[in-house]
Amino acid sequence: LWSERHRAGSRVAAATSAPYGAALLALLRFVRPTVLAGGDDTYFRRERLSDRRGPVAEIVREVADRIVAVDRRFRERGTRLVVCCTAEKDLVCPDLLPRGAATRPELYVALLAELARRDVFAADVLGALTAARREGVRVYARNDSHWTYDGVLAAAEEIARVAGARTDPATRRTRMTPRGVIEDVGDVLTAAGVDVRGAPTSSLARRLLEMRRPVLRLDRLAVVDDAGVALLEEGPPVNTRDWWLCGTSFSAYIDPILPHALMHVLQAPVRYQGLVLIGEGAAHPLMASWRAAGIEGFPQFLVWEFPSAEVFARGPVLRGLDEFFAIAR
1 LWSERHRAGS RVAAATSAPY GAALLALLRF VRPTVLAGGD DTYFRRERLS
51 DRRGPVAEIV REVADRIVAV DRRFRERGTR LVVCCTAEKD LVCPDLLPRG
101 AATRPELYVA LLAELARRDV FAADVLGALT AARREGVRVY ARNDSHWTYD
151 GVLAAAEEIA RVAGARTDPA TRRTRMTPRG VIEDVGDVLT AAGVDVRGAP
201 TSSLARRLLE MRRPVLRLDR LAVVDDAGVA LLEEGPPVNT RDWWLCGTSF
251 SAYIDPILPH ALMHVLQAPV RYQGLVLIGE GAAHPLMASW RAAGIEGFPQ
301 FLVWEFPSAE VFARGPVLRG LDEFFAIAR
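Here our numbering is used: the first residue of the sequence shown is 1, the next is one more, and so on.
Everything hinted at is true.
Simulated DEER-style distance windows between Cβ atoms:
1. ARG99 to GLU76: 44 to 52 Å
2. THR171 to GLY127: 18 to 26 Å
3. ARG99 to ARG241: 46 to 54 Å
4. ARG99 to ARG179: 33 to 41 Å
5. ARG138 to GLY180: 14 to 22 Å
6. GLY180 to GLU76: 37 to 45 Å
These are calculated hints, taken from the structure and not from any lab test.
Note that the Cβ used here is the ideal one computed from N, Cα and C, for glycine as well.
Build the full structure now, drawing on both the sequences and the hints.
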């Protein structure tokens, strides 16, 4: 009861504070109770909290067994899997959660230990993002579930490290450089049930949404070479057998941000393929799409990115696993 009281209070705060109060007035919608208003004007999506109930060992064993099965299939084909379980905002910023909202970082820590025990490469994204945040880096946007570009860079360094492929920053021939700003309403507003489809182009709606501060504004980064030429721009997937990345919107939210960052820290091409793990509808067949692009065989390394909510939030574990298994058939 005490927990529900605080959650109810958080929902009221979400409905009356910027940007939600302005959004409600501008768009005549209501905030769903899945939105939680935390500290520092930070908003969370209730359904994405890592608060799965049950013994840690039992939960971790179920998740690890599925990951190890995928790892085994790829090893049989000469590919080393690198697991990137993206630690979401609640795990990285538990101090900003409203009272009554729970998260269980011990699940993440235990999973990493279990995967290491079973010889699976797994990046400690939680540790990397937590360390960056201690240095004053904003690794998550206030009004969006996705990480910032700085958060992605920290994760990419950790992915390369765990795979034994991180290059010395002093020898890198590329650099990450600003290339403008992303202005978007953020997925938290959408999850809240606010109809914001016209907000990015409607000046009136945007002014109302931004009465207090921009709803979401992220610096865009690009990988450029010594001559200042941008690499890995939007276009056909990179045809490489060294590094492939399968990921969710955390890998390519607006821009292919994780492929960009990995290309920089690895100093190698990275082929990216979107992975449907979240949402409704049938997942697209990854292997069929790769073959349609003329890609056969398997890479040396395959980074598998999925958010922590897919394994530690309440609900089915790795709902899109069948799609990922299809790659290794």
